[in-house]
Amino acid sequence: MNPRGKRADVWHLVTFIGFAIVIVFLIYPLFDVFQYSFKDKETGELSLANWKEFFGRAYYMRAFWHSMSIALATTFFSMVLGIPLAFFTTRYKIKGSNLLTTLSVLALLSPTFIGAYSWITMLGRNGFLRNLLSSIGITLPPIYGALGIILADSLQYYPFISLMLAGSLMTIDRSLEEASENLGARATKTFFSVTMPLVLPSLTGGALIVFMMSLSNFGTPMIIGGNYLVLPTLAYNMFTSEIGESPGMASTVSIILMLCAAVVIMLQAWASSRRKYASMLVNRPIVKKLKGAKAFFAHLVCYLVVGLSTLPLGVIVYYSFRNTSGPVFKSGFSLNSYKQIFFDVPKTVANSFIYSLTAVVLIVLIGTLLGFVIARKRNLAVKLLDPLLMIPYIVPGTVLGIGFIVAFNRKPIFLTGTAVIMILTYFIRRLPYSVRSAASILKQIDPALEEAGINLGSPPGRTFRTVTLPLMQSGIISGAIMSWVTSMNELSASVLLYVGRTMTMPIKVYLSVADGYFGTASAMSTILLVVTGIAMFVVNKYFNRGSETFIAS
Amino acid sequence: MTSIKISGVEKRFGELLALSDINLAIEEGEFFTLLGPSGCGKTTLLRTIAGFYRQDRGDIWLGEELINDVPAYRRNTGMVFQNYAVFPHMTVYENVAYGLKVRKLPGKEIEKRVKSALKNVHLEGYEARTPDKLSGGQQQRVGLARAMAIEPRVLLFDEPLSNLDAKLRVEMRDEIRAVQKALGITAVYVTHDQEEALVISDRIAVVNFGKIQQVGPPWEIYKNPVNLFVATFVGKINALDVVLGEDLGSGLRRAQAGSLSFVVPSAGTENCTDAVLAFRPEEVVETTEAVKGSNRLSGTLVSTAFLGTVVSMELELGGSRIVIERHRPKKEDIPVAGDKVEFAVPPESCFIFDKRTGARLRTKEGR
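Going down the list, the sequences are from chains L and S.
1 is the number of the first residue of the first sequence in our numbering; add one for each residue after it.
1001 is the number of the first residue of the second sequence in our numbering; add one for each residue after it.
Pulled out of the complex, with its shape left as it was, chain S reads as follows (with noise of 0.2 angstroms):
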């Protein structure tokens, strides 16, 4: 159990900057997840932390350790790779004891924690398989199962289940989360599956081009975004330029979308007039249960999707395209294209950007 420091790290890759000011404590037990998508850096940090790269600038500590220079063989990281990254040549056996054997072991002790991190990830019986024998899914289990052999200060994942289809994607990502908190390992989970971010985390830090956006569980990410990108790439959301308009008193503010007019928030507000109206599509309400000073709309159906639980509905409203969700929708409930859809949203539900720079208007507080 060993807590990670990274401070003011910086990675340049020629003239590309892929990691710009890094600073983040990951704390001991800890599971933490960098999420953003392909190319923002993400996988750069993680390996920086393993000690493939070298930060060109900052410092990382894991526990009271500085580890700039301590070369990637002795930081003592178990990375799981995104291409499992199984010793083809090896059973089973051998790939998880290849760690312990390297640490010189006694026989007996290698043997029993092979056993039991094989164990772990239920491939007891696999020992003399070779891995062209095994599935995806079981290959990463061996990974995994190395990775965790070594009794590593830090686990490292990187993007483990990409490779694995939905269903099993879905088993594992729940197993990886139970066989951490029941060792009490603190893990780095890099992935682009915000999803998976999601249900998987104790805490993410949502990065893109090269810098951490937010950092916060996984509520806060959602329901709580500081910017349109974090709220855009996290969730479903409908986003409406605007135009905000007088201050209606007790906190509202008009703002207007071409002929749409709508009530919002308007602390943070005071100082924008173009910004950007977003509201995720399961916090609209139907009209009937809308509390007074909702922004009723009325939009023309485009498709349906049913989704089991939800039926989502693309509508065409005011020259914008916005999605919205019913749940546990009855049938005869389900409009045909064309109709109109009635709906509101209540204006606490909507997250108004400065649309210049992206950033939430709000106050310091947050909400």
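Pulled out of the complex, with its shape left as it was, chain L reads as follows (with noise of 0.2 angstroms):
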């Protein structure tokens, strides 16, 4: 009937491969994980005895209402500290604006443990803070624990709510506002009836991901936290502790937190798909500009949030110039952790950098051919092959750890302890990212132009080459960029997955930490913080894209 549609072609090959990836890297550990989780300890016969066990017992409860009750405290502060940020930004003049929104991108993409160890050196049993404010008389409530978690959490996540609330600020029609205006409203009428229901969709998406963010965070709880655990550092501890180690019961609590994740995620996708309320952008709104009080007010706010956010990431960068002697600072400057790095641990940071960069052109290369079949070729196979591209998004790093621990530490695929199940994690936890930003990249590029060059004469594969490909070209470049500075930033899959000479920068700042080593762990942060800085400054310089890259990456 129809021997052209049938004929295999390159599209149906990236298809295949798409499978094979998902179910190879995906499925299999995660399979694993579920397995694990239903076996009994001792005998290994099918059992709900970790079931039974998570929920008798009120040690993992206890875990399980820690981790809501964080994740809902960092989304609250997150909307506190984020909202005014937005509307004072977008609404009146703030002097500055542009570096306001540039550091608390660089708080947000920073690595999530550098802002833990720094609120340690601050407010820590010792920091510099603490004593400074107890030398005049203040006593602060310890900061090991929750307070911690999501003061590190909300100080690092706000910008969700900020830029996405920011975003949606910016495109209201103004005329909607003075409609609301010339029919009798006040202005604080007209900002709850109408401003406020027209960026709802996009504060509760961005509250969501802060949720989400917050909810399978490893980095923060490890280090601030102490002995209050929360599921990923539960489900890390399960899986690693020497004595009494279980992974049947890690796993278990793994799939708990996917299932939250899940949750989390379906509600993020219903809210998203209400934010209809595009407009024409035929008025943008006007910025105001106050004046006496009230600009002093708004400008206060805004430096306010901003620089708590930032001032943990300067207190790194000014602990790794100090002179240190072993684990301990002494006075004055040097650049003795610099030379410690680079005397001790070279190959930790070659090995950040080769690993991040081998990963990202996996997920370049994989992501856009994925991204393409997936925006054009709406066949069977590619609709039942999307979501499942989309598993990561609920996998937290703890849980892809465990999984690919236990998947590929016996036959047939052997891989623990090498460099490639470094790189394959960092692949499989952005590949979702990159396919999905290639798809919505090509979805705005019109198919007609695609026919134009098949109709010109140029067969399809040539077409995506010379036509398809040249106008996806900076949108692939600046997620490609963002894929390798969070993969730089991996802790919490990579943790449980390296071993000496596979380690990387996140994994020893992390060690660092724990060993007192502050002026190393600060050096190695300031590092990766500069490597996130250069990469924000080449996407926002180069490719002249917004804050949504950031957030949509």
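Mixed in with the good hints there might be a few duds.
[What the hints assert, rightly or not] Within a straight-line C-alpha distance of at most 20 angstroms, the following computed SDA-like cross-link-like pairs (lysine to any residue) qualify:
(1) K377(L) / Y1053(S)
(2) K1101(S) / K541(L)
(3) K1101(S) / T466(L)
(4) K1101(S) / K377(L)
(5) K1104(S) / R462(L)
(6) K1101(S) / F464(L)
(7) K1104(S) / F464(L)
(8) K383(L) / G1014(S)
(9) K1101(S) / G461(L)
(10) K541(L) / S97(L)
(11) K377(L) / Y1073(S)
(12) K1101(S) / R1129(S)
(13) K289(L) / S273(L)
(14) K1104(S) / I23(L)
(15) K377(L) / F1052(S)
(16) K1101(S) / L304(L)
(17) K1104(S) / H299(L)
(18) K95(L) / K339(L)
(19) K377(L) / R1012(S)
(20) K339(L) / D515(L)
(21) K377(L) / R1054(S)
(22) K288(L) / K377(L)
These aren't lab readings, by the way, just hints derived from the structure by calculation.
Assemble the dimeric complex from its two separately framed chains, guided by the hints.
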């Protein structure tokens, strides 16, 4: 009937590769996790023992409620910080608002454990800020535990709220607010009955992302949580602790974590599907100039929020240049910490760069091809593949790490302890972002352009190369840079998978903090920060992409 | 120069029958238009010719070649797209040269052909521009030049003017026609704009519900529509439900629309009583000019629209609204709302359609 349609082409191969990746590197390890959780520890038989234990013992349930309350509190405080910032910077003239945005994005993208660790140096048992405050009679509650996690998380994740909200506040058609005023509504009435409902979908979207990030965050609670266990740290401990090690229980915790994440992702998909108030942008909202006390107040709020979130980063950079002797800080400044890194652990730095760059090449290559298939070839197989590729969204790094260890430490695939497993971890964790961004870029490219190429005599493969690919280029490159940054900063999965010779910078930072080598940790963190900053700069400057890129990826 | 033959083509999208038993013979060098409302299947047919869709049934020939299984990129059809589809990452020159580079022509030849194509569309000197620096009209010229440069067997136009403003549309329309005639290339042109179709085409196929309703030169389509759909879609027309009555002899018959009585041609109406009477606004005459036997009518003026050479009047007539036109009106002749307006419809200007099928009732030979 249709010989042309049946001929296998390159896109069938791509679809096949997509399925192979999903099956081998996601379904297979996750199925192992699943299996473990339903196995009896001693007999290896099918049993619900782990699940009974989880719901039966206060120790486990406590971690669950800890996770929930941390995520909720973080979401709440992120909104407290993010909403005024978004509103003031979009509606009023704030001096240096570009700088504020840049700094908040830097806080967002910086490795999660840096913030936590920095707050310890400031407010920990012997933190300089705590000492300073107690010298004037103010005693702060201890930072270790819930308080510290919420503090560090909120100050890292509030930009999701402020950036997404600012994005939608800036695209509200001014006429809508004017219409409301024209119909007799006061400014406050207009704000609550017109402006808020219009931006509510992006606010809920941002809030759900914050909830999700906080829920699956491993680095912060690990460093600053102390004995306050949340689900990711519980899973990690259950898996790695030498006494009472219990992969089955770790798996059960992992599944519960994934279920929570899945619920949040579904809510988020629902929230973003309601974001349909796209306006024609006929009239951009006016940016008002404030005077006197009002202007002072608006500036104060904005600078306080961004300043607080930048403070931990500044402190880290400062400490990295402090003079050290072994784990001890001495007076004065030196490059000792940096020297130490380059003399003692150059391999760690090299590993980070090599693994992340290799992963990025794979991510870009395979992500772009899969993105094309998903955007342009809607056959049954692709419709099935599309949601499968999104699995990593709901798999916290800790869970993926556990899955990889159990699945790839036996026949037929032995990968534990290799560089390959580190690269694969980065690859799998970032792939869905890359696929989705490639697909969304493609959806903005008129299919008629490809048809024009084909009509002019260029076969589909050549058309993709000469027409589609060049149009996707800038989007792909900025996505690649974002993938690189997140891979460089990846800790939660790789900390489970590394061995001595495959150590990376985030892992080294984590270990240095644990061992009290704050100087090395600061220097290493500073390098990661600089890398993050440069990447942000490049994306902004050369690809002319706004802060949306950073939230979307 | 190539003819196109389409025979028994059928295309389904799931449940929807987009094309149903399409048969067409488009001649060499002909400017052939597919005209119809949106969703009628005209674009589907064009894209099937281009090879973007594969018909489920039937054959398509380009010249002597059966192209059913020839992939789109080997069909050598130059398509001009509705939204231009000019490659935004290439200059004007690179856009026009694209198809030539694919064909691995020597550099000299490419340069020559690009130059000549740009000259044809009056874009000399724009070679180095990028599309974002061009207006919509200029972009569409690039699209046209790009399609012509490959010296295709046929040119395919997919509503190329619908995104342009009215004045430019007329200008481009005339240019497309002139270039096509100058090159003598076969063109298939899709539009929903009946006026455009009438002006530009050698022949028109009116399409509706995936079926060809009528094929013919513009004059034939306008003056001799085969069914009520063609009559109403092409040009303006007044349609009244009538009951056909006694035969008046000499090829005439009585038709009753409520209290109004008409005299209409009887040819082909023998087996029909419920019918639709239709006449074009410009076919009415002044009662003073009316020949004997004309339908003299008097309506109440509802509104007028002055269009320069024509004044169009909406009348209330026996419970229906109709529109008539007067040409080269004098100011004092234009009535005001509420006035009685008298006019006459010559019986030979009346079309009679079967109310049930919509088919035109007439003699086998035509009128």
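**Study point:** In rising order, the numbers of the hints this structure does not comply with
**Key:** Failing hints, ascending: 2, 4, 13, 14, 16, 17, 18, 22.
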